[in-house]
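Enquirer: Here is what each chain is made of, one letter per residue.
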Amino acid sequence: MNSLHRIIKAVFVLGTIAILASGCTKPQHSLTAAGATFPYPVYAQWFEAYHRETGVKINYQPMGSGAGVEQLRRRTTDFGASDVAVQDDILQSMPRQIIQLPAVAGAVVIAYQLPGLQKPLQLDGPVLADIFLGKVQRWNDTRIAGLNPGVTLPDLAISPVRRSDGSGTTGIFTSYLAAVSPQWKQQVGVGKSVAWPVGIGAKGNSGVAGVIKQSPGALGYIELAYAEHNHLQFAALRNSAGNFVLPSVTATTAAAAGAVDRLQKDIRASIVNASGEQSYPIAAFTYLLVYANLENAQKANELKGFLQWAMSDGQHMAEKLYYAPLPPQVVVLNKKVIQKIQ
Amino acid sequence: MKTDLQISTSSNIRASQLRQSRFGNLGDGLFYWITLLFAASVLAVTALIGFQLIQASLPALTKFGWRFLVTSTWDPVHQVYGAWPYLFGTLASPFLALLMAVPVALGTAIFLVELCPHWLRGFLSFMVELLAAVPSVVYGLWGIFVLIPILQPVQAKIASSALSAIPLFSGTPTGYSMMAGALVLSIMILPIITAVSRDVLSNVPAAQREAAFGLGATHWEAVKGPILRSARSGIMGAVILGLARALGETMAITMVIGNGKDASWSLLAPANSLASILANQFAEASGLQMPSLMYIALVLFGVAILVNAAARLLLWNMTRGTKHA
Chain A
1 MNSLHRIIKA VFVLGTIAIL ASGCTKPQHS LTAAGATFPY PVYAQWFEAY HRETGVKINY
61 QPMGSGAGVE QLRRRTTDFG ASDVAVQDDI LQSMPRQIIQ LPAVAGAVVI AYQLPGLQKP
121 LQLDGPVLAD IFLGKVQRWN DTRIAGLNPG VTLPDLAISP VRRSDGSGTT GIFTSYLAAV
181 SPQWKQQVGV GKSVAWPVGI GAKGNSGVAG VIKQSPGALG YIELAYAEHN HLQFAALRNS
241 AGNFVLPSVT ATTAAAAGAV DRLQKDIRAS IVNASGEQSY PIAAFTYLLV YANLENAQKA
301 NELKGFLQWA MSDGQHMAEK LYYAPLPPQV VVLNKKVIQK IQ
Chain B
1001 MKTDLQISTS SNIRASQLRQ SRFGNLGDGL FYWITLLFAA SVLAVTALIG FQLIQASLPA
1061 LTKFGWRFLV TSTWDPVHQV YGAWPYLFGT LASPFLALLM AVPVALGTAI FLVELCPHWL
1121 RGFLSFMVEL LAAVPSVVYG LWGIFVLIPI LQPVQAKIAS SALSAIPLFS GTPTGYSMMA
1181 GALVLSIMIL PIITAVSRDV LSNVPAAQRE AAFGLGATHW EAVKGPILRS ARSGIMGAVI
1241 LGLARALGET MAITMVIGNG KDASWSLLAP ANSLASILAN QFAEASGLQM PSLMYIALVL
1301 FGVAILVNAA ARLLLWNMTR GTKHA
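First to last, the protein sequences are chains A and B. Counted the way this note's numbering counts, the first sequence spans residues 1 to 342. Counted the way this note's numbering counts, the second sequence spans residues 1001 to 1325.
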């Protein structure tokens, strides 16, 4: 009996050593990355498809944009991802020059719960800002009614829903509100988490979607994919050309195309409230962050290969997941930059 | 009394034996030092946590000082931070939860020990313990999908009735509120208070119970008098365990409390808690937000220590009273 125990123990110990040892020898072709959670569904598909096609394995940890930048700064990852473009002060704290590449674009949707409403509500930026400032409090407010002629709106309190956690989605939404409302810009400002004047806070896109789904009178902002998956009603927003546009993948790509002039000067330029007849106003890129010089020729080549692939084949895969492909002009800009990676 | 004496003598003997053999027997000596090391490591970990929290929160500590505890602005854009709404929520929600849970838990425990027919006892005890095993995220989901839809019409009724003149019931209700948070908390702490109280009650010496009945006491009189009196320090301990769970609870609370920005007296208004804001904002914090969140953690740590110390003091006071009587 005793010897049997010893044998079992020995097998166990050897097995553990074998597992540990195999973990130490890294597979030949692999890259590690970390960052934004918002584009993770797209990235996960990209990495899987790219692994199947080329054998290069990419391990991605969706830890959040801030963590993605931090890990890249510490050089624990080969590349990073962030929902907000990295600004100059942080760029200067990085050990070496960083290249920022828009990967796909996303739209933030104004979802609401109003039983009995047939067609999508129409809203504009100033009204939206005043709802989140607590100045427009009821659904039958004259300003909402004015944007929706012929629609009978209920005498119901608007209950604004927003994120309780720090999030790139909040960053995009508040940058839109700041662009359309001077009071918002001055009083609240733009950030991943802000001092909301009113509203219920919920954690994550799924949390906000859940609250909206359950509470009649609720209105909140979530990403397009979550609104579609949760079958929520969402509003058409008035864009800078004066048209009411429903959020969609095409309207998001149109917004990115409408901002090309700005993007050519600085790839980090905002695409909220972009020009163009069909542009949806609350749109943003999510970025891949790469060192311009990786100091490792093999890794640099693998990364370049993947990025080129993401700019061509990858773009087509995004649409099915409700992420907007980049407009061709931005793809051209990206490809030029990718070639410079060493 | 006799049993108490026996226990204390035998433990004295054990201790003195150990003392004698500490240097005589190598094995026992080693055993002594190893267990001492384990016991000391608990202290060391606590001290280290406190030290780390102070160190990490230093920028916020020096900038905001004690005013951090009493100001209500939490504005990452303008880098102004104050923790009062969160501190308020962390103190108020467990208090409300205890208010609801303790009577129910105590009633259940008394029923289980004193009045319950034998065939039901096992089943009921099992159900109570089952509640304790449910993960907190499940309570949160239950709160969102079951409790809140029930609360919404109830709160709407309260808000449109005359009750809304009382500050406790003012405001526009949405379901996500201090009330929802406290209710979910109260259900979460119910099993631990019930289970511990039940054990304490069943440890009341049978002689006391029999003596009470022998003197002609009714069930109610027996429970009210000798049984609760001799069990009260243990029951207090059960309440403290419940309170400790309520103070640290994060996930379930953040899902139903509404994550509001104000400290409000209204039960219908969204509220917040220290643990909740930590869990929400930690991942994407930048600049002074991180030290401020660490300051929040430090405050939570301090609140936990203070509450536990206060409870200990209360307990000590009560047991001292018992011994004199």
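Hints in this document: simulated from the structure, not taken from any laboratory. Worth double-checking, as some hints may not be accurate.
Covered by chain A, per the in silico footprint, the following chain B stretches (three or more residues, Cβ under 8 Å) [what the hints assert, rightly or not]: (1) 1065-1075; (2) 1147-1159; (3) 1251-1262.
Which residues of chain A face chain B? A few of them, derived with a C-beta cut under 8 Å, are [claimed, not checked]: (4) Gly55; (5) Gln61; (6) Gly64; (7) Gln122; (8) Pro126; (9) Ser164; (10) Val188; (11) Val190; (12) Gly191; (13) Val194; (14) Val211; (15) Gln214; (16) Ser215; (17) Ala225.
Just so you know, even glycine gets a beta-carbon here, dropped at the ideal spot from N, CA and C.
Enquirer: Confirm or reject each hint.
Expert: Hints, one by one, checked against the model:
no.: 1; hint: 1065-1075; result: holds (count 3)
no.: 2; hint: 1147-1159; result: holds (count 3)
no.: 3; hint: 1251-1262; result: holds (count 6)
no.: 4; hint: Gly55; result: violated (33 Å)
no.: 5; hint: Gln61; result: violated (12 Å)
no.: 6; hint: Gly64; result: holds (4 Å)
no.: 7; hint: Gln122; result: violated (24 Å)
no.: 8; hint: Pro126; result: violated (20 Å)
no.: 9; hint: Ser164; result: holds (4 Å)
no.: 10; hint: Val188; result: holds (7 Å)
no.: 11; hint: Val190; result: holds (7 Å)
no.: 12; hint: Gly191; result: holds (4 Å)
no.: 13; hint: Val194; result: holds (5 Å)
no.: 14; hint: Val211; result: holds (7 Å)
no.: 15; hint: Gln214; result: holds (6 Å)
no.: 16; hint: Ser215; result: holds (6 Å)
no.: 17; hint: Ala225; result: violated (20 Å)
Of the numbered hints listed earlier, those contradicted by the structure are 4, 5, 7, 8, 17.
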